[in-house]
Amino acid sequence: MAALINVDDDAMEPTLQTILDQRSLRWIFVGGKGGVGKTTTSCSLAIQLAKVRRSVLLISTDPAHNLSDAFSQKFGKEARLVDGFDNLSAMEIDPNGSIQDLLAGQGDDAAGGDVGGMGGMMQDLAFAIPGIDEAMSFAEVLKQVKSLSYETIIFDTAPTGHTLRFLQFPSVLEKALAKVSQLSNQYGPLLNGFLGNNGTLPNGQNLTEMMEKLETLRSTISEVNTQFKDERLTTFVCVCIPEFLSLYETERMIQELSSYQIDTHCIVVNQLLFPKPGSDCEQCTARRRMQKKYLDQIEELYDEFNVVKMPLLVEEVRGKEKLEKFSEMLVKPFVPPA
Amino acid sequence: MPSLLLVIFGIELVVQLVNTIGANTINGLLWRIYLSLPTPLSLEVAAQRKKQKEYLAVRHELNATSSQDQFAKWAKLRRQHDKLLEELEKQKSSQDAARASFDRYLTTTRLVSTRGLQWFLPFWYSKQPMFWLPAGWFPYYVEWFASFPRAPMGSVSIVVWQMACAGVLALIIEAILTIVGFVGASRQKQKQPVPAAGAGSKKDS
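Chains A and B, in that order, are what the protein sequence lines are. Its first residue numbered 1, the first sequence is counted upward by one per residue in full-length UniProt numbering. Its first residue numbered 1, the second sequence is counted upward by one per residue in full-length UniProt numbering.
So here's chain B without its partners, still in its complex pose:
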């Protein structure tokens, strides 16, 4: 079992990343990865794409046929078109159901492994000290707070360590995002030089 310090840090990191990137984006990415694996579901999806292309071809042909002049051909195309449309709708709804259940599974796993562990680990290791504070550096009440609730006096408890990780990571990620945003905005400004002097002088004369 890797050091508890690193485990807690890792969990907080994951939570922050998920909050930044967004749960839906991650779900979408994982869904695409899942589809690229050779499962029966991915074969279905491939078959549906083919059917969709077929459907578009039939619809194109249908629109090109005049219903007045070539009624028989038009009617046969129309029957094909309606049948394909019905099949596509059915497949789409079943695939949406599969996607929904996949998302549900992912969300449950994610929540159990992050929030679940966030609750469970402090509970299980509540008495274990994370690391020891150097003796005499901090006054009594600080030491009492650092060991809250049940770690031995003079050490840092798991709860406090968790809070500290969360806070630091939030600050770091916010700083990174601000820097990235600033760099991106300044690059945008460089791409569009402001035509200030030229236009102004032209107008005057």
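In isolation and in its complexed conformation, chain A is listed as follows:
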């Protein structure tokens, strides 16, 4: 019997099944340019993952949160179970709320009266700092790293620029904290001499305690850094549409991710048009032609990626049922009606 050479063995499957199969995966980022369908894809992926995992958490890091709209259910900064699921939770991190909690917490420790005046000004300052959203999301990540309550965590990220900044956060923070701890080791004893035996700072906190907290923070961050760079634990799913700008953005994002050593091997191409053969809609056929051109380029350039092709549906993908139907197409390739 002649051996059959299956040429398609090397070709990558056009599905996200590999992500579902990879059980060691803990962190999944879903990102891409604005309006390509990141939220839809991340919600669909979360639904599929919830079928094969113990517990899944979906976090939105986009300051303009969409998860509530996608599931038609209000989410907040505490993880809440999605209606109709028993192992899928969602969370929308609100920087304002987190900062108020932080300040309120500090206010309890120190004299309540002082913080009242300063608190307002600090709040305004804190909201204005660029990157505060990323910092708050990252603080949430740190909490999740320690606790193992969720088997997989999916991030619905903000349009590309913010996401890349978020991913750089661990390295930047680690370097900053390393510097701080080095300085504190050098000047700590000197400062202790100034501050007296207890080492109490003007705002009532203990210097050594603060240094210890920073040290544990640093070790947690370096742990996160290692986990994000480990391809068995972290991956990035790029969502795009077959148009020039989105494609260019995706290419740029993939190159930058590889420079951060974050694994990415899946691309979801959304909003594909499949006009009926006898259709006389000019726009549809013209758009289809353009999409076909870019689709060919995508297949040629990303031959080592899993490229999933998702169709443009006739109705909006909102609500649990529509998302479930959409999510089926992530694992079973869509076959356009002939």
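No lab work stands behind these hints, which were simulated from the structure alone. There could be a bad hint or two in this list.
[To be verified] Under the rule of at most 25 Å between Cα atoms (straight-line distance), these lysine-lysine pairs were calculated in the DSS-like manner: (1) K292(A) <-> K90(B); (2) K292(A) <-> K76(B); (3) K51(A) <-> K322(A); (4) K127(B) <-> K73(B); (5) K292(A) <-> K320(A); (6) K53(B) <-> K293(A); (7) K53(B) <-> K73(B); (8) K90(B) <-> K50(B); (9) K50(B) <-> K73(B); (10) K77(A) <-> K213(A); (11) K74(A) <-> K51(A); (12) K76(B) <-> K127(B); (13) K90(B) <-> K175(A); (14) K83(B) <-> K53(B); (15) K175(A) <-> K77(A); (16) K90(B) <-> K51(B); (17) K229(A) <-> K73(B); (18) K293(A) <-> K90(B).
Please arrange chain B on chain A, whose structure you already have, making use of the hints.
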């Protein structure tokens, strides 16, 4: 050991030449000579030139490819281009560092062998007479100055000899430069004959 007279004269000559030609020019020339020798550094430089040519070819091809129509090819070229650029930058910075250390080495050698000797030799041979002045030609104070500070009376000390060499050489070199400049300027004037008479007469009529 060659005559001390000639050694001092030689040092002053070198110093004047370096001042005229310029230390950087000399450093550049020596660097090029060093690169032409078969050292590992020169091989690196040759490899970098080749890589630079490769990079320019890739960039040319990249600009010729339309990103809209041939995105895949364009993206692959772009990746190659970025990688080559990064490698080139790294190599350039390491070579600049090598050049800087080479310059530093040359400057130190040059300074030690010229200024260093300029200070050391007079100190070492301060008592040695360079040559003897004919007796009775100069009055006492001239002889005292010529033997300053520690040479025997009636001779020329090394310090005075050094100053004399420096002064004479400076004058000679200045004279040479002026002559060269004059000759060059006059040759320039010959190349551009001034059209004075013709134009003037044309305008009048």
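Quick rundown of the hints versus the structure:
1. With a C-alpha separation of about 40 Å, the suggested pair K292(A) and K90(B) falls outside the 25 Å cut-off, and the hint is violated.
2. For a cut-off of 25 Å, the pair hint linking K292(A) to K76(B) stands: about 20 Å separates their Cα positions.
3. For the given pair, K51(A) sits about 16 Å from K322(A) by alpha-carbon distance, which is consistent with the 25 Å threshold.
4. For a cut-off of 25 Å, the pair hint linking K127(B) to K73(B) is broken: about 81 Å separates their Cα positions.
5. Under the criterion of a C-alpha separation no larger than 25 Å, the hint pairing K292(A) with K320(A) is inconsistent with the structure, at around 31 Å.
6. Annotation: proposed proximity of K53(B) to K293(A) is violated, straight-line Cα distance about 33 Å (limit 25 Å).
7. For the hint linking K53(B) to K73(B), the alpha-carbon distance of about 20 Å falls within 25 Å, and the restraint holds.
8. A threshold of 25 Å between alpha carbons decides the hint, and for K90(B) with K50(B) the separation of about 15 Å falls inside it, so the pair holds.
9. Restraint check for K50(B) and K73(B): the C-alpha separation of about 23 Å stays at or below 25 Å, so the hint holds.
10. Our distance criterion of 25 Å between C-alpha atoms is met by K77(A) and K213(A), whose separation comes to about 23 Å.
11. Restraint check: the Cα-Cα separation between K74(A) and K51(A) comes to about 22 Å, which is no more than 25 Å; the hinted pair holds.
12. A hinted pair counts as satisfied when its Cα atoms are at most 25 Å apart, and K76(B) with K127(B) does not qualify at roughly 77 Å.
13. For the proposed pair K90(B) and K175(A), the alpha carbon gap of about 23 Å is at most 25 Å, so the pair holds.
14. At roughly 14 Å between alpha-carbon atoms, K83(B) and K53(B) fall within 25 Å of each other, so this suggested pair holds.
15. With a C-alpha separation of about 28 Å, the suggested pair K175(A) and K77(A) falls outside the 25 Å cut-off, and the hint is violated.
16. Straight-line distance between C-alpha atoms of K90(B) and K51(B) comes to about 12 Å, which keeps the hinted pair within the 25 Å bound.
17. As the CA atoms of K229(A) and K73(B) are separated by approximately 29 Å, the hinted pair breaks the 25 Å bound.
18. About 38 Å separates the Cα atoms of K293(A) and K90(B), which puts this hinted pair outside 25 Å; it is violated.
Checked against the numbered hints given earlier, the structure breaks hints 1, 4, 5, 6, 12, 15, 17, 18 and satisfies all the rest.
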